[in-house]
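Visitor: Now for the letters of each chain:
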Amino acid sequence: MDILITGILLGGTYALIAIGLNLQYGVARIMNLANGEILVAGGYLAFIAYVSLQLSPLLTIFLVAPLAFALNWLIYRVMLQPLVNRAKTRGQLETDSILATFGMSFIGVGLMLGFFGGDYFSYSFMAVPLQLLGSTYGANRVIAFCMAVLICGALYLWLNRSRAGLSIRAIATAPASARLVGIDVKRLSALAFALGGAVTAVGGALISTYLTLDASTGVVFTLKALIIVIMGGVGDVRGTIVAALLLGIVETAVASLLDPGLTLAAAYILFLGILLFRPQGLFGKTTT
Amino acid sequence: MNRRPFLKLVSALTLAGTLTATAASADTIRIGAVAPKTGGLAGGATVTQWPSIYLWVDQVNAAGGLTVDGEQMMIELIEYDDQTNPGETIKAVQRLATQDEAHFIIAPYGTGLNLAAAPLFDRYGYPQIAVSAITDQQPELSDKFPNMFFTLGTTTALAADLVGVLTDMREAGDLGNRVAMVNVADAFGIELATAAKPLFLEAGFELVYETSYPLGTQDLSPVIKGAAAAEPDAFVAWSYPPDTFGLTEQAMIEDIDVQAFYTAVATPFPSYGGRFGAAADGVLGAGGVNPDSPAFQEYAKAHMELTGAAPDYWASATTYASLEILAQSIEAVGLDREAVSDHLRETTFETVLGPIAFDENNSNPAFWTVGQWQDGVFVGVASRDRDGTAPVILKDGWK
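Here the protein sequences come in this chain order: P and F. According to my numbering, the first sequence is numbered sequentially starting from 18. According to my numbering, the second sequence is numbered sequentially starting from 47.
Hint data in this document are derived by calculation from the structure and do not stem from the laboratory. Careful: at least some of the hints might be erroneous.
[As the list claims (entries may be wrong)] One-sided and incomplete, this derived list gives chain P residues near chain F with beta-carbon spacing under 10 Å:
#1 E111
#2 L130
#3 Y137
#4 F138
#5 S141
#6 S152
#7 A156
#8 L279
#9 L281
[What the hints assert, rightly or not] Covered by chain P, according to a simulated footprint, are these stretches of chain F (three or more residues, beta-carbon under 8 Å):
#10 299-313
#11 321-328
[Claimed, not checked] Quick list of the computed label-pair ranges, beta carbon to beta carbon:
#12 P:Q148 to F:A249: 51 to 59 Å
#13 P:A193 to F:G323: 55 to 63 Å
#14 F:A275 to P:Y173: 36 to 44 Å
#15 P:Q148 to F:G210: 36 to 44 Å
#16 F:I236 to P:R204: 52 to 60 Å
#17 F:Y100 to P:P83: 36 to 44 Å
#18 F:I236 to P:L289: 22 to 30 Å
#19 F:K137 to P:Y285: 24 to 32 Å
#20 F:K347 to P:R255: 55 to 63 Å
#21 F:G323 to P:S194: 41 to 49 Å
Where a beta carbon is used, it is the ideal one built from N, C-alpha and C, also for glycine.
Start from the sequences, fold in the hints, and give me the full structure.
Guide: In structure tokens, the structure reads:
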């Protein structure tokens, strides 16, 4: 039981890391390798707000979200839109966007180094024990998990109940046909990309309450997010959530029952297994 | 508009970091520095390595430079970011030696990066006064690379002195026999755990929990829960910066009941004390200084004034001492690198840490090994031949 809860909490963290990339890759078709830098930037803002203004990260996210939304919208419009316009095939767009965002990740690291320095930024927020069914858990992790549930739930509802959500799902499934039925693909792609960035940055702000970050840790999160998105299936929120939870539970179970040294191996075996038996991901649709 | 060339340019610029190619001029001493500004070790290097380098250059130049053959020469610092990548460290050292024609090169940061660069320092005849390079291979290395020097101690000393501290606590009746030991699965953690295990057993301790975890583990609660379930009296972690913070926070949350709690690298960072506050009281860690020594206090004050951050309580001062040693050697024998290396072997230097002289293995035999947070300051509680060792206190809860 203890393992299950710890695993689910870790899964919540992973969902925060990956859900934004899912939106960006699934809808806007941008494999954003600068995803981790956006996450770290969100964490930085939360850190600065907490240290200098004693502002709770739970409030900072309301500042982080619109800022990250605007920034990502700008990035998409200025930098990625031209790539989308000239790409003849989806494959070409993926290659171009991977290269472009890879470069962007270096710029991100450089900018953060310039502004904030390379020091670790760590602070203590709600690092108090919380009793749950007889075991103790960090309150900050539980809070982050609740926020992850809220964010993922809201995204799911929005995608499945609203008109914009419907259009976004249409783009994720069939970008070419979506245009034929009068969906403004350009506008919605930018929206999805910006929204993905905002979610990632908010995730970063929440994660910074219990993980120690520095300017160059972004790549670690990018890799984790990639694995989760690919495991879950591109363009489906449910897939990412299930994959994140699965990864969290497997890693915790291996760490508790076998050996913490084997968590990485377990994560990649799970990844390999899913790729072998369901190459399109848990909830992915077979490509046509 | 074609944005590609622009993008490439910007990425290249960022990659290059602070590359500053400079024209050679006759009346300055060109000092090269290569250490991480990005990558895995950037956080550590930003606290420990770079500020002390800047401080030293600033102080030397403010005093009019170094006296070389009766002439005052200013220092010109040429710095490179190696991105915590040994390949980049090697390239940067090569570039410093051949393109920038640096007179001297400050040793890189981290054991692995120092070892990677050692053959090049040797080939171009540069003395390499390594600081954050802790290894038991010092005799072999100094044999192979005669101009490589070591200042911060050896793996076995670090482990043995911790075992010594815990043994003393046990003899005093303050500590039981049960030890939980974990390590980060990285060169540093593995080497220390391997060295510490037989020492603990020899000293009559019982290892009730032993495990390793991968570098960058995002949830360390299974490790702490596993350790707590084994009901240890002492918890020892051969850890790296992010996990040092993570393990301590989990230990607080689990309220692990031990009389001694040890985490390794980053425990002496001011940000550790800043983050955990009173809960850090009694935490043992690698390193230490004598915070009461006037020389350290003066250094810490200047460090704070120039860089806006406090030095750590271990390798920062040693890094600064290694530069003092270099400066004193240059002033004594000039810019001839071979002569400087010979001078390093023969002389006793006055530094911020006290006197330093290298032994037959090019190693500084006097260094701090174990420290402890006591009332908001990380004080040295065990050392080899250093003055000012403070008595150990018991870990009393996580308030």
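Visitor: For every hint, state whether the structure bears it out.
Guide: Cross-check of the supplied hints:
no. : hint                         : verdict
1   : E111                         : violated, 17 Å
2   : L130                         : holds, 6 Å
3   : Y137                         : holds, 4 Å
4   : F138                         : holds, 8 Å
5   : S141                         : holds, 5 Å
6   : S152                         : holds, 8 Å
7   : A156                         : holds, 8 Å
8   : L279                         : holds, 9 Å
9   : L281                         : holds, 5 Å
10  : 299-313                      : holds (count 4)
11  : 321-328                      : holds (count 3)
12  : P:Q148 to F:A249: 51 to 59 Å : violated, 37 Å
13  : P:A193 to F:G323: 55 to 63 Å : holds, 58 Å
14  : F:A275 to P:Y173: 36 to 44 Å : holds, 37 Å
15  : P:Q148 to F:G210: 36 to 44 Å : holds, 39 Å
16  : F:I236 to P:R204: 52 to 60 Å : holds, 53 Å
17  : F:Y100 to P:P83: 36 to 44 Å  : holds, 37 Å
18  : F:I236 to P:L289: 22 to 30 Å : holds, 26 Å
19  : F:K137 to P:Y285: 24 to 32 Å : holds, 31 Å
20  : F:K347 to P:R255: 55 to 63 Å : holds, 57 Å
21  : F:G323 to P:S194: 41 to 49 Å : violated, 59 Å
In summary, the structure is inconsistent with hints 1, 12 and 21 from the numbered list given earlier, while agreeing with the others.
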